[in-house]
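> Below, each chain spelled out in residue letters.
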Amino acid sequence: MSVLLQVDAVGKRFGGVVALDGVSLRVDVGEIYGLIGPNGAGKTTLFNCMTGLYTVSSGAIRLDGATIHNRKPHEIVARGFARTFQNIRLFANMTALENVMVGRHARTRAGVIGAVLRDRRTRAEEADSRARAHALLEFVGLAHKARSLAGHLAYGEQRRLEIARALATEPRLLALDEPVAGMNPAERRQMADLFLQLRARGLTLLLIEHDVKLVMGVCDRVAVLDYGRKIAEGPPAAVRNDPAVIAAYLGTEAA
Amino acid sequence: MVLLAALLIALPFLVEAGLGRSWVRVLDFALLYIMLALGLNIVVGYAGLLDLGFVAFYALGAYLYAWLASPHFGLHLPFWAILPLGAALAGLFGVLLGAPTLRLRGDYLAIVTLGFGEIIRIFMNNLNAPVNITNGPQGINLIDPVSLAGISFGRTQELFGLTFAPAHFYYYLFLVFTLATIFIAYRLQDSRIGRAWVAIREDEVAAAAMGINTRNVKLLAFAMGAVFGGVAGGLFAAFQGFISPESFTLWESILILCMIVLGGMGHIPGVLLGAVLLTVLPEALRYIGDWQRAALGRVVVDPGDLRMLLFGVALVLMMVYRPEGLMPSRRRQRELHAEDGVAAQEQASLYDSRA
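Protein sequences, first through last, are from chains L and Y.
Here the first sequence stands for residues -14 to 240, numbered as in my numbering.
Here the second sequence stands for residues 47 to 401, numbered as in my numbering.
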């Protein structure tokens, strides 16, 4: 297995608060890697460091060998690393289709002159963006909602639209921040299926999730964060029985 | 379509016959303001960057025209050579203004851009010493009129058996530029760039996370808006034959912003409507003075004051009853009537929880 994402002793502090304390992990090509941990463990902070929304205080992050920490978000997307957000951040007043087409931005070129003249290349590019966006909406089961405003979609649909939008950037690695939060069991099963389909398409997934059952069900490997440190890593079954993990979630007897 | 074209072509003569020649000038100004409003609409309506100093770009375009086509420096370049320069200069200043304000949003951005607009005006007001560049508050006079195919737009002439006053010539010139502006605005709106602007307006973090270089795309919005302003400024200078800093006050920026807000921010037909209404209505209200004289024998309320009052009342009423503008885009309407959307969503999630 070749390494896709390498996180090397990443630290992040906000003033005096240490949010991440030397976290290292490795995501291999083609796996679903789960990141779990209690609230405030630093999972989303790590995501934000990886996707360029935060700068790291120390350490390094590499995607396929190239350094990506402290780069701009759009540069990281261009390298093939897309994400979704824990609190859905769609472009609420754009249609579902437009949302996904925005995701094509990094993979398209047309500038002002192309937009005004609408030359053959721009038209072809636009048609291609539209076709791919429709295909992605179809893939996440939202083809019938293409013309609805994103803000009008139901909660579960918004989650799926966010995934379609991220997929439009043609990522190799897709990071999902609590993608099934607030979903009912039926929707959760659908999402789990979607993740497995994405893996089957050759995508690598990085998953932050609270739903331990889902994580255990779909993830190939799992890392557990607590107070900004990685306390366990390995196959789901092993991690589940790790005493440190149990202590982190349930508290130790001494406490 | 043909009907509309015929109407637009005949309009200045119809207006002249019905209302008098001064109204043809009002038409010309309506077209100028449409160009300005469409330019500002890119910055405010699409990219969501509140710019209160837009008139600065208008001023730059106008002054550049005056410098290159008047006795002030003794230069007399043709207008088709100056307008691209004016557009480029305004675009450059758009980027110069945009660059330091990239991190600012909302109120803070508004204050900085307001300052920028005032700085340009004050420069124009004071750059008459030690080297006389702008001729200070007196402004620059005797600016060359546009001259095309041997016809000077500055003189009244007989053509095809019709009397063409300067206002007529400029109407057709401005009409061509306005139509081009509308065309460009539409093309930009429905493009990769236009979507990126709206995405930034909607959620800048998410836009960046979708691969949009938010810095460049925002600068592009400033530059494109400024280019529209610069071209309109050049046309204005040629049309008036005289410019001074007085034409480029904060009031102008506010007026252009009002046109967008009144008509429907981010929606091209709405912006057109707003620009036309806010140019034509104040002129129409001038008649109030005449009516007073006819009815009461003297002018009780100065029409100038009354215009401002009615204008203010109209805007307040708009903000209360129709904040999305007279002809809003679908997006805008939804945003400002969010209750409906929330209700729909609540219903949907209720439905979901039963499954």
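Just to be clear, a hint being listed does not mean it is correct.
Stated by the list, open to error - Covered by chain Y, per the in silico footprint, the following chain L stretches (three or more residues, Cβ under 8 Å):
| id | region |
| --- | --- |
| 1 | 49 to 59 |
| 2 | 62 to 70 |
| 3 | 83 to 96 |
| 4 | 103 to 116 |
If you are wondering where the hints come from, they were derived from the structure by calculation, not from laboratory data.
The beta carbon of each residue, even a glycine, is placed where N, CA and C say it ideally should be.
> Apply the coverage criterion to the region 103 to 116 of chain L and chain Y: a residue qualifies when its Cβ sits closer than 8 Å to a Cβ of the chain, and three qualifying residues are needed.
As far as the region 103 to 116 of chain L goes, the hint holds, because 5 residues have Cβ atoms under 8 Å from chain Y.
> Between the region 49 to 59 of chain L and chain Y, see if three or more residues pass the 8 Å beta-carbon test, and mark the coverage as holds or violated.
Coverage by chain Y holds here, the residue count being 3 at a Cβ distance below 8 Å.
> The region 62 to 70 of chain L covered by chain Y? Criterion: 3 or more residues, Cβ-Cβ distance below 8 Å.
holds (count 5)
> Taking a Cβ-to-Cβ distance below 8 Å as contact, does the region 83 to 96 of chain L have at least three residues touching chain Y?
Holds: 11 residues of the region 83 to 96 of chain L have a Cβ under 8 Å from chain Y.
When each numbered hint is compared with the structure, no violation occurs for any of them.
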